[in-house]
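Number of protein chains: 2
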Amino acid sequence: MSETGATAILKEEVDIVIPTIRNLEFLEKWRAFFQPYHLIIVQDGDPSKGIKVPEGFDYELYNRNDINRILGSKSHCISFKDSACRCFGFLLSKKKYIFTIDDDCFVAKDPSGKEINALEQHLKNLLTPSTPFFFNTLYDPFREGTDFVRGYPFSLREGVPTAASHGLWLNIPDYDAPTQLVKPLERNTRYVDAVMTIPKGTLFPMCGMNLAFNRELIGPAMYFGLMGDGQPIGRYEAMWAGWCMKVISDHLGFGVKTGLPYVWHSKESNPFVNLKKEYKGIYWQEELIPFFQSVSLPKECTTAQKCYVELSKQVKAKLGKVDEYFNKLADNMVTWIEAWEELNPSAMAPKSDALPNGSAK
Amino acid sequence: MSETGATAILKEEVDIVIPTIRNLEFLEKWRAFFQPYHLIIVQDGDPSKGIKVPEGFDYELYNRNDINRILGSKSHCISFKDSACRCFGFLLSKKKYIFTIDDDCFVAKDPSGKEINALEQHLKNLLTPSTPFFFNTLYDPFREGTDFVRGYPFSLREGVPTAASHGLWLNIPDYDAPTQLVKPLERNTRYVDAVMTIPKGTLFPMCGMNLAFNRELIGPAMYFGLMGDGQPIGRYEAMWAGWCMKVISDHLGFGVKTGLPYVWHSKESNPFVNLKKEYKGIYWQEELIPFFQSVSLPKECTTAQKCYVELSKQVKAKLGKVDEYFNKLADNMVTWIEAWEELNPSAMAPKSDALPNGSAK
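If you read the protein sequences in the order shown, they are chains A and B. First residue of the first sequence? That's 1 in full-length UniProt numbering, and the numbers climb one at a time after it. First residue of the second sequence? That's 1 in full-length UniProt numbering, and the numbers climb one at a time after it.
Calculated from the structure, these hints are not laboratory results. These figures come from a predicted structure and were not determined experimentally. Just so you know, not all the hints are guaranteed correct.
Said to hold, decoys possible - Straight-line alpha carbon distances no greater than 27 Å define the calculated DSSO-like cross-link-like pairs of lysine-lysine that follow:
1. Lys313(B) / Lys109(B)
2. Lys318(B) / Lys109(A)
3. Lys74(B) / Lys11(B)
4. Lys114(B) / Lys321(B)
5. Lys74(A) / Lys267(A)
6. Lys109(A) / Lys114(B)
7. Lys114(A) / Lys11(B)
8. Lys96(B) / Lys29(B)
9. Lys316(A) / Lys306(A)
10. Lys267(B) / Lys114(A)
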């Protein structure tokens, strides 16, 4: 399909979710690409401080007071003073596709100097199938100018629906605090012109800075956990969502892609502050990864919601002993699903016409 | 390490194995990069037709008469009139690293116009660890200018030894005959500047056109099967080796990388001839892939040889019913290992100093 064709068709099916906008230049820099779309801005900090949105944008803005008002007794599942609050926007959206981006990410350029329309590339990734069961050495076989290579089984070439598209960052790489401290000057200058499916059974570190997903297929699994104010960790919100989302996508037969598009990540966050937020996560992840690598979901879990509730039980049973925090997190995972079902009353199994390509296996 | 440093150290540890040289320009074009190394040329066709090697190259040349003489009653395990005969060179080599390349592959250029030293990139890939247990979104974390991203478990950052490095092709992509027929004009023009580990448990279609491996770690699994004259299939030699090699690498805790380096693949083979060679393979692979995806090797299999003999038993037990060919292939897999042990009498478990990095898990 042509680029403009795909964009035009999807304009009404996409929400852009942004967790706070501190940088006034952010929307101006993205105006050419974002203005046609609807924005959901979730203010992560003090609700008395306003956010100034430039003229011409179509947006909704929510602060903590709105979260409390809309979710009531369930509002505790949304993080406070942390960009993890963005998932409130996922909950409120009624669109099929979500693109979420941080306010320190700007328009990157490809090696020819052309500005990259990140959202358009994400939509291409989401609208074409994934290939999680076998690795294609020329990467995404659905990109123009490429295909499946010799030896790729024909029965697997139809692919499966794509649940998520994970984009990357030029300039400041998404390093943890220890790596930031050891390599303060390292910048990502390598433009890797590839999109690929992360194979079934393989986990990856998801980053929420530049991420898109099919809300109908996997939205309920995109809970960014409990981070920030009052919580013992930070900077693990997208990791948590990524691990949960990947094991659920694997179970439901959906694919997850990574690679293009790039954004220009402008600002290195403070490594000393990050170390304080991360240190428990760095320790805990050594137990979380084996847990997620061995998660098995029963056949009865046929929707992202059912999978997520089941996963919350396993989190409580197996990670509760790592730290009391995981019992609380497991309870909030359930609250999140209750809130999802309240705000999305028809959100059951995706209808067959909700699948962009092929069908779930 | 510096590029020239790595190359200098390894000069005595590398053999370049080439299955026949029909194109007289081939070695001239590679002279700057190949002349410092030792070549093993295995002539795949009529032994009465000589191969002219330009002056200045250090080489051994073997034809069918040599294979029969050296292997005697075991010579039937080496394919005749097919590039699969290249594995005879793997058997005879005494070096730690093998680079194998086809005579229609020439020096490619990177986007800056610089000629790519394919062998040097393969050695870099083989000398740095692999990361098969978790996907790094910035690709090979051991490349200059990159690292493990946030959320990558620290306990997995040491990596595992790299068994094989699978390089790619610009210009003519490695498509099967049906895809060649459908897309006769498609050329691969996309230079993807990445090297990555294929995750544990994931299979890929290996191509022998531009391939390197650590012979001490995985050499015995690099058997290219029975193809060509007198056999019911062709063009599946590297696929077969790739599936066997990958499940054995996964079992032994070694990694397999794919991506850089590129070579320039100049010649499209005849799709009608290819279709005749491939059609059974295209059908059979639908049963072969599920077989390899479910292969389980016992703990007692601690070397590539032991794994390969065990795999031959499972091939016979489970694929023999697909076609009688697989019984014959299984027998020849055993013969291949017998030949390997005869020609490499000390080839037992790799010594700890044979591991380029870390240790097998």
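Original post:
Within a Cα-Cα threshold of 27 Å, do lysine 74(B) and lysine 11(B) meet the stated pairing?
Top reply: Violated. Lysine 74(B) to lysine 11(B) sits at ~31 Å, over the 27 Å cutoff.
Original post:
Hey, lysine 114(B) versus lysine 321(B), does the alpha-carbon distance stay inside 27 Å?
Top reply: 51 Å, violated
Original post:
Within a Cα-Cα threshold of 27 Å, do lysine 316(A) and lysine 306(A) meet the stated pairing?
Top reply: 16 Å, holds
Subject >> Pair hint outcome, lysine 109(A) versus lysine 114(B) [Cα-Cα no greater than 27 Å] >> reply: Given that 27 Å is the threshold and the Cα spacing comes to 23 Å, the pair holds.
Original post:
Taken at face value, is the distance from the CA of lysine 114(A) to the CA of lysine 267(B) at most 27 Å?
Top reply: 33 Å, violated
Original post:
Going straight from one Cα to the other, do lysine 74(A) and lysine 267(A) come out at no more than 27 Å?
Top reply: 34 Å, violated
Original post:
Is lysine 114(A) close enough to lysine 11(B), meaning Cα to Cα at most 27 Å?
Top reply: 42 Å, violated
**OP:** Assess, step by step, whether the Cα of lysine 318(B) is no farther than 27 Å from the Cα of lysine 109(A), and give holds or violated.
**Re:** Violated, because 52 Å separates the two Cα atoms, which is more than 27 Å.
**OP:** Could you grab the alpha-carbon distance between lysine 313(B) and lysine 109(B) and see if it respects the 27 Å cut-off?
**Re:** It is violated: about 44 Å lies between the C-alpha atoms, which goes past 27 Å.
Subject >> Satisfaction of hint between lysine 29(B) and lysine 96(B), Cα-Cα up to 27 Å >> reply: 25 Å, holds
When each numbered hint is compared with the structure, violations occur for hints 1, 2, 3, 4, 5, 7 and 10.
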